[in-house]
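Student: Assemble chain B onto chain A, guided by the hints.
2 protein chains.
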Amino acid sequence: MDLGYLLFLLVAFLAPAAAIIPRPVLRTLGSLHLPANPTSRPAVANNYSVLYFEQKVDHFGFTFMKTFKQRYLVADKHWRQDGGVILFYTGNEGDIVWFCNNTGFMWDVAEELKAMLVFAEHRYYGESLPFGANSFKDSRYLNFLTSEQALADFAELIKHLKRTIPGAENQPVIAIGGSYGGMLAAWFRMKYPHVVVGALAASAPIWQFEDLVSCGEFMKIVTTDFRKSNPGCPESIRRSWGVIDRISNTSHGLQWLTKALHLCGPLTYQDIPHLKEWISESWVNLAMVDYPYASDFLQPLPAWPIKVVCQYLKDPNVSDSRLLQNIFQALNVYHNYSGQAKCLNISETATSNLGSLGWSYQACTEMVMPFCTNGIDDMFELHLWNLEEFSDECFKQWGVRPRPSWITTLYGGKNISSHSNIIFSNGDLDPWSGGGVTKDITDTLIAITILNGAHHLDLRANNAFDPKSVLLARTSEVKYMKRWIREFYGSLQRQH
Amino acid sequence: MDLGYLLFLLVAFLAPAAAIIPRPVLRTLGSLHLPANPTSRPAVANNYSVLYFEQKVDHFGFTFMKTFKQRYLVADKHWRQDGGVILFYTGNEGDIVWFCNNTGFMWDVAEELKAMLVFAEHRYYGESLPFGANSFKDSRYLNFLTSEQALADFAELIKHLKRTIPGAENQPVIAIGGSYGGMLAAWFRMKYPHVVVGALAASAPIWQFEDLVSCGEFMKIVTTDFRKSNPGCPESIRRSWGVIDRISNTSHGLQWLTKALHLCGPLTYQDIPHLKEWISESWVNLAMVDYPYASDFLQPLPAWPIKVVCQYLKDPNVSDSRLLQNIFQALNVYHNYSGQAKCLNISETATSNLGSLGWSYQACTEMVMPFCTNGIDDMFELHLWNLEEFSDECFKQWGVRPRPSWITTLYGGKNISSHSNIIFSNGDLDPWSGGGVTKDITDTLIAITILNGAHHLDLRANNAFDPKSVLLARTSEVKYMKRWIREFYGSLQRQH
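First to last, the sequence lines map onto chains A and B.
Counting from 1, one number per residue, gives the positions in the first sequence under my numbering.
Counting from 1, one number per residue, gives the positions in the second sequence under my numbering.
No lab work stands behind these hints, which were simulated from the structure alone.
One thing to keep in mind: the hints can contain errors.
For chains that are exact copies, the list does not tell them apart, and a pair is met inside one copy or across any two.
As the list claims (entries may be wrong) - EDC-like, lysine to aspartate or glutamate: derived pairs with alpha carbons at most 20 Å apart:
| # | residue 1 | residue 2 |
| --- | --- | --- |
| 1 | K66 | D138 |
| 2 | K66 | E366 |
| 3 | K468 | E169 |
| 4 | K159 | E210 |
| 5 | K162 | E210 |
| 6 | K414 | E156 |
| 7 | K220 | E235 |
| 8 | K159 | E366 |
| 9 | K314 | D108 |
| 10 | K276 | E235 |
| 11 | K259 | D138 |
| 12 | K414 | E487 |
| 13 | K159 | E169 |
| 14 | K66 | D392 |
| 15 | K137 | D428 |
| 16 | K228 | D320 |
| 17 | K137 | E487 |
| 18 | K307 | D82 |
Chain A with its partners taken away, still in its complex shape (with noise of 0.2 Å):
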């Protein structure tokens, strides 16, 4: 992977027509996504409704006045005013409307809980673009892009509702959110307790920063994942980057190769790198979305997608032309497993959803997370992190640099035993486990591990086909928030 030039496809990317066209680096080297699984849940099963709330742009400042509208769903449905509780999504990098119909755990609650469900949206994703069209023209109308300003929103939001819906202002609120969202629900616990009584923050990689984890564990976990299938699937991927490499050293080669993977368009020298990238991102990706039955991620997965990936896989000891059919017959499985593609193309993803964008500059300015590979504990080419290069690739895409650690400066690092009441759930298989806490910290701050789970499986629907041990998951959050809201209420009580 090369990173920097990586960066270079990205500042590509500010031309307006290609905003919404996310790139595959943001997923593997920042970005974090929630996997849409419209089969197990449909959008239109779901009613909420759409409101907005008036937020500052700047909280942490008095000069600048302006205001956008801040958009947020609301399902009522099940909440009781009496011992009922708002269960409020800290919305992450992208459209609330695809989290709210992706964290089906939250519907499949509500009625136990007698809960109001809230899914706020982050600033500069989805509808909620403070500056319009132009909130990334420039990086002064990206100045507000931070997580202190979403947590600030959320804050005042909840402070909106419990104004306005009669009988919300004295019941608990607790965070939800996965992924990015996830580390927002856990930090918000943290910042703002007054606010929220807890947080569920499943897959929450809150350690990625700095030197807290080491930056090969990412690329580590992913390539276990495809061990487990069988020990030749890492092996094969490994051996096929040098492939590669020999066999588009020639005009001859790159016209085979272009056959022999089915893409869409012929590829030059200049596209190795990419399609490297491209294939690597697809590893990444199944790591993430290794679910136990099928899904429907914008393409069709099957259950346990690794598996069928690595059926192809098995032998690393083949010739180098049948290894590249091998892989492709493995990316097939990612790309088109509907069998309706004629060709892949290898500049398309599927992450609409995902404001690749907005988490660029984030990547960019606080969420600076080191990855690496080194070729030998993962199945990667080797690559270090270069933190002085990737600075300079963040100036010259935003203007801005990042401050690696201004993170842990805030948020406390592994340092943060004084906090309470957060859930951090992790499934084994996830890739984002890796910077996630996996160990109790103390009884009120609790490490959840979903064996066999990937990326917060357990925030998703029901399925007939959920191992048990997300099952079991599920019941202990449930079990937990019910601790939260009692002591919430009790402590009302002793006060009157």
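Tutor: This is chain B only, laid out in the frame that chain A set:
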């Protein structure tokens, strides 16, 4: 107290020459202050190094890259790498040298705690001016004067100290502050519990916001302090306002008044509101510095100055002229105890160490503290709290409008029970105790009340005339700090 009028006066202070002249209103209705006491601990006795640390002007954005030099003082004579602690003064609205020399408590306990003392200057005060001489010239320059930015400065500074001072890395840090500095100490522990293991928040009115406490509480306590000396004293003062109004109705009366009060310049009718404010301010200051021993707050004061003042005001039922002559005698105690002054100057006050401009801006943005008087529960004239009028004056003066509920949204108001390790100390004589935490919230959020204590008496140096209550308070404070230090080293050991 005519707040509109007083704010009008403030506008005039924007002229550079006036910048160093603080105004009574700032101290009465906004700025908290810590009186100097050079007699009990002369500045020369404290040996410290003066250092500077490069801070980002804007911690919460990435566009504006400017930095400035934050001043801080370090005294490490008694510091021990083995089992020591860093006591960190969270500087407030003034020159840090002044706070350093007036927080004798830290110097007194340094040896016992093997402590390094650090005094960090608050941005926009003393020498720590983000835009140098221009810092107050424009609301755009002032945009970074907030408590959040100040707390981030403290966090970055402590990180810097731990990184650069050998042996400091694995030491606990305790935040200490008085008045607004005490609020910062408490908020610092709330928001950055990973940076400081605890906080001593002395005379910190963290609830002097919105309607968390009654806006009349402050002046009620001032009045009670005077009543304690003798009941006629506040009656005399309450009567004085009407008498001043009546007498100042004629030019002859104005002349008489000028003479009776020994004023340096002739009064005009237009001066009367300011005269009354200046007098009110004197009573308020006396309540804050009603210390049990002679102290020297720019001008010297006797021990228990309110008692001395009230000797002249025992009988409210004297003639109008006699009453005002008595008022003069009382004022003369505060403004001319040394007997050196030939006249009283109502345009002079005694807090040039406090940054009045900075606090005026803070009061107009975040630090919106409602004050009111009704003339019944207190000895002042009726004055309602009028947010709209206040906001308009702020807009005229600074081009900003206050957000009165922001501090509560950010720091939790009364809902702070999930935090830990904060000592809130308050003297019962101190009018600021009305907005302080005076009852234990949990067994780690401790309230200490100091009987017969004025404004953060506990932070002052040991004095032979200290009442037993403050000795007990200091002992208790040291006990809690030792516990935090012990817990820190205990958990450090468990980690290894």
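Student: Take the hints in turn and mark each one as holding or not.
Tutor: Against the structure, the hints:
no.: 1; hint: K66 to D138; in the structure: both (16 Å within a copy, 18 Å between copies)
no.: 2; hint: K66 to E366; in the structure: between (23 Å within a copy, 17 Å between copies)
no.: 3; hint: K468 to E169; in the structure: neither (37 Å within a copy, 45 Å between copies)
no.: 4; hint: K159 to E210; in the structure: between (34 Å within a copy, 14 Å between copies)
no.: 5; hint: K162 to E210; in the structure: between (38 Å within a copy, 17 Å between copies)
no.: 6; hint: K414 to E156; in the structure: between (28 Å within a copy, 17 Å between copies)
no.: 7; hint: K220 to E235; in the structure: within (13 Å within a copy, 79 Å between copies)
no.: 8; hint: K159 to E366; in the structure: between (26 Å within a copy, 17 Å between copies)
no.: 9; hint: K314 to D108; in the structure: neither (39 Å within a copy, 73 Å between copies)
no.: 10; hint: K276 to E235; in the structure: within (16 Å within a copy, 87 Å between copies)
no.: 11; hint: K259 to D138; in the structure: neither (41 Å within a copy, 65 Å between copies)
no.: 12; hint: K414 to E487; in the structure: between (27 Å within a copy, 17 Å between copies)
no.: 13; hint: K159 to E169; in the structure: within (8 Å within a copy, 39 Å between copies)
no.: 14; hint: K66 to D392; in the structure: between (31 Å within a copy, 18 Å between copies)
no.: 15; hint: K137 to D428; in the structure: neither (39 Å within a copy, 56 Å between copies)
no.: 16; hint: K228 to D320; in the structure: neither (24 Å within a copy, 96 Å between copies)
no.: 17; hint: K137 to E487; in the structure: neither (47 Å within a copy, 50 Å between copies)
no.: 18; hint: K307 to D82; in the structure: neither (48 Å within a copy, 56 Å between copies)
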